[in-house]
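Residue numbers (my numbering): 1 to 1072.
Source of the hints: derived by calculation from the structure; they are not laboratory data.
For glycine and all other residues, C-beta sits at the position ideal for the given N, C-alpha and C.
Please note that the accuracy of each hint is not assured.
Per label pair, the in silico range of CB-to-CB distance [unchecked claim]: (1) Arg128 / Asp359: 41 to 51 Å; (2) Asn895 / Asp35: 57 to 67 Å; (3) Gly447 / Asn895: 15 to 25 Å; (4) Glu877 / Asp906: 42 to 52 Å; (5) Gln297 / Ser464: 51 to 61 Å; (6) Glu1005 / Arg27: 31 to 41 Å; (7) Asn455 / Asn664: 47 to 57 Å; (8) Asp359 / Pro506: 38 to 48 Å.
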Amino acid sequence: MGQFPEVDPNLDLPALDARILELWRDRKVFQRSVDQRVGAEPFVFYEGPPTANGRPGVHHVEARVFKDLFPRFKTMRGYRVDRKGGWDCHGLPVELEVEKELGLKDKQAIETYGVEAFNARCRESVERYVDAFEQLTERIGFWIDASQAYRTMDTSYVESVWWALAELHRRGLLVEDYKVSPYCPRCQTTLSDAEVAMGYKEVEDLTAYVALPATTGTLAEEGAALLVWTTQPWTLVPNVSVVVGPGIDYVLVEATGEDGRARKLVVARERVAAAVGEDARVLRPVPLEELLGTRYQRAFEEIPVSEEEAARGWTVVADEYVTTSDGSGLVQTSPAYGAEDLAVGQRYNTPVLHPVGLDGKFGPETGWLAGRFVKAADADLVGDLRRRGLLWRAETHTHAYPFCWRCATPLIYYALTSWYARTTAVKDRLLAENARIGWRPEHIRDGRFGDWLANNVDWALSRSRYWGTPLPLWRCEEQHVTVVESLADLSAKAGRDLSGIDPHRPFVDEVTLACPECGQEARRVPDVLDAWFDSGSMPFAQWGYPHTPEGRAAFERAFPADFISEGIDQTRGWFYSLLAVSTLLFDQTSFRNVVCLGLIVDRNGRKMSKSLGNVLDPFQLLDRYGADPLRWFMLASGSPWASRRLFPEAIEDVTRSLFLTLWNTYSFFCLYARLEGFHPVRSTGGATSAPPGPPTPLDRWVLAELADTVDQVTRSLDDYDATSAARRLAGFVDDLSNWYVRLSRRRFWRGTGDDADAAFGTLWTCLRTVAVLLAPYAPFTAEELWQGLVVSVDSEAPDSVHLVDWPRPDPAAADPELSAAMAEVRRLVGLGRQARTEAKLKIRQPLARALIGVPDPVRAGVAGLLDLVAAELNVKEVGFAEGEAGLVGYRLAPNFRALGPRFGRDAQAVAAALRQAPPGVAAELAPRLRAGERVELAVEGLGTVELGPDEAAVVEEPVTGWRVVRDGATTVALDLEVSPELRLEGLARDLVRAVQDLRKSAGLEVADRIELAVKAGGDVAAAVAAHRDYLLGETLATSLHTAPQGDGHDARVELDGQEVRLWLRPVRAVDA
RNA sequence: GGGCCUGUAGCUCAGGCGGUUAGAGCGCAUCCCUGAUAAGGAUGAGGUCCCAGGUUCAAGUCCUGGCAGGCCCA
């Protein structure tokens, strides 16, 4: 058997990390931790692929640490947890990164540069950033198999996605539709709702109330105009109808405008004051029937229209979506530029004017507007309306407007054709499956995510871009669509071998097919796929399903996932795409449990962003503090799903309060275990265990706390609650260090008997178990402890903590009564210290007696621990006040839990009577209540009331003239009298202390023996004489002189008002 | 404008089912202890538990309405 290591009391975590990383590599620990569970029940984890379009930030550490914790925990619990990495490679973010690098400004520039070269650069960019992510992954100890990582750009992955689309098409769930979408004119692409959501900004826009003169009916005869409100004046150019609400009351009002001209306007009754003005005069109601079909003058007539079109448009129609929450209650429509507008246009068969180009600029048919970006034309358009007398009022209006989340260009709503996944067809199934998912936090299920699903709309999949999975759709002149589901399928349909082709643009664009229906040439639909569909397909696409037998087997083994974890922003990103894709294809959710994570923000609660300059570089933090404190911070502070403030001091705090505390305990153990030759004993089962030395109450207490910690940590982690588990574990480490070890120190010195064995054995068991519990959280520190505590002394133990089985809670060790009693003891010690502080009597001065009072339920437990109180308070004797005749008084305390329900509003009166019971009454009632009897008490306003022992608690208190300190029902009375004997004893302790200081400054080891000389007079000399053995024993002195004996270390100290001279010299080992 | 979350000490955060003394850590001040020592501990100051109503014998906790911040969506 080896020896425990020498431990450097200074903890250097970054150096420790490097050591451990090497150990893991050498011993292939990750691989073995998975392999040793061969045949075990699988626990399935899915890696949500990060988009490799930039350097990783601290938020990536957050997600990756959670993705590491639970798989490690489950592995130790006996599951087989395969962890396949993954990378999201496609999509606009990557393209934008490359555009920036190449200085390309728009799609035209990309075409000129060449799609093949552009996509090659995209591929390179992705591969470059993947490297940085892999470094971070290793550095933080995130165990995931990077060598087997799936990449959404790989051929087999693309083929799987093609299969998915083909499958949807077969089932009629992939359709093409003409639809208005949020559109970025700079990127020249539509955006998904999730993308739009990322780019809302508060802006001031010019809004206009416009008076459109009626040209038919009674309104025209009266010279009235329709008042419409728009936040986007440019949409009046392609306007084709005005919509009113069927449930809304309209009126005709007369008012004078800014230009001094009186007008008659049709407006919703509710909106008169807001839209027209307080002084508007209501002339008459306008019934809906009168309004409907009324024709009006176009606001702008730049765009030529045919007679036929003119006949179908520019009339008043009705639809439910009109509200009176703002505007005038009359809404203008331009079907190509608004989703509701298009719906109304289709319903009433209005013309569609589509004068805006893909670049967001007005086309040539718009006359003076041609070539202008629509949003930039608003001001001039309003000016033009004013000149022509059609403007009622214009004003700026602050509202949230969507901008392109990557390039910050204002989006416009724009009609294009797109391919859609018909998620609305499976909406009920989405909702039902969502109900089965274990969400952390739970409110996401019915709140944010459930609402989103309830309002589900079809998923627009088309992107008019370059670097993405090409839509596997080929179309001929006759508009017949052919769907391809693999390269083999493509080869067959194209009539030549294309199995080696890169399934990206431009290569697949060049492949043409003979249409199976009509034989004409079919060309690929040029769009690529929304990258969210790629990542949502990972459950099967990561295995190349269903194109190979191995892929099919792997998918079936690992579907659905037991656990995923990502930022809460993925609710409408990956969480949705995963659920939607798997429900469409397999009619079930692809994940059973999901832990959502909040934002990591700076110390002021602001988002970290490059522009604010408040970004923390994870690599710098790791180099400075090591991985474990950062991991712990992510896992243990606050709520994972709330945004959390991260700054260096927060990590330093973790280091100090947890890791340094643990490290001190560990180095303390190793120091004395080496010194005293302690070895854990191997039991027959092969595992080492604590020796069976008789445990002290303190030993039993700490083992009970340990058992409770194992139990609670296990339960919490089973429940995906990392934070509660971490708090319990940190609490135990604190208890172990600052209570168990502190009170047990002397047992580790010169201790070879049963008591020392029990102490060493207990501490070793605790530290060893902490190492195991800590392993999923802080894999580096846990490993270091395991190596030192176990591997160094037991060659047959697992050679890594990460190969160890998770500890089972030990119900036999749990002891809630002892825990409660010890908590009370700690409260007593705190009160005793307070008494000493107030009396200015330092702990080193022994005192004769203390009397205590504690609540009845813990009394028996505390009785067995009184020596701990005595030792901590340096008091000779501690006793309950009860036995001391004349030294005890009683109070009665109300128990509201019992009194409240029984007495209702009189409970307060009963409580007061109890509290104010005179000492004599309390003294008489107390013993009877304790004996379980019911007693009678006079209560003002109620007469005599009978109370049971559960309704009134007895509090006993010392009533001496001593220093008394109280906290609730806990009381300590200290006898402050210092007798001459106690004084000498105190001086002896002072002297010991001074000698120890000298030993320390002389550089002696803790076990060195010394010759000692003390030159002093008066009481100090008397103290030396009276406590000679104590003095020698405490200072490891073999002889005591009254004067220096030659060379040595000496010091002068002042004790008891006089100078004392100390001298010492180490004794050679042979002399001892 | 809507949905959800959050609001407790100077700072970061705990506070099952409502129960009468609201806690911890950090920071600050004053001390103590020291054979874990470039550690450890104690005591103290510091709180209208965001505000206003309500329910209740009893509200940090439950309800309603506000306010502020965050996230998501219009």
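(request) Identify every previously stated hint that the structure contradicts and give their numbers, smallest first. (result) 1, 3, 5 and 8
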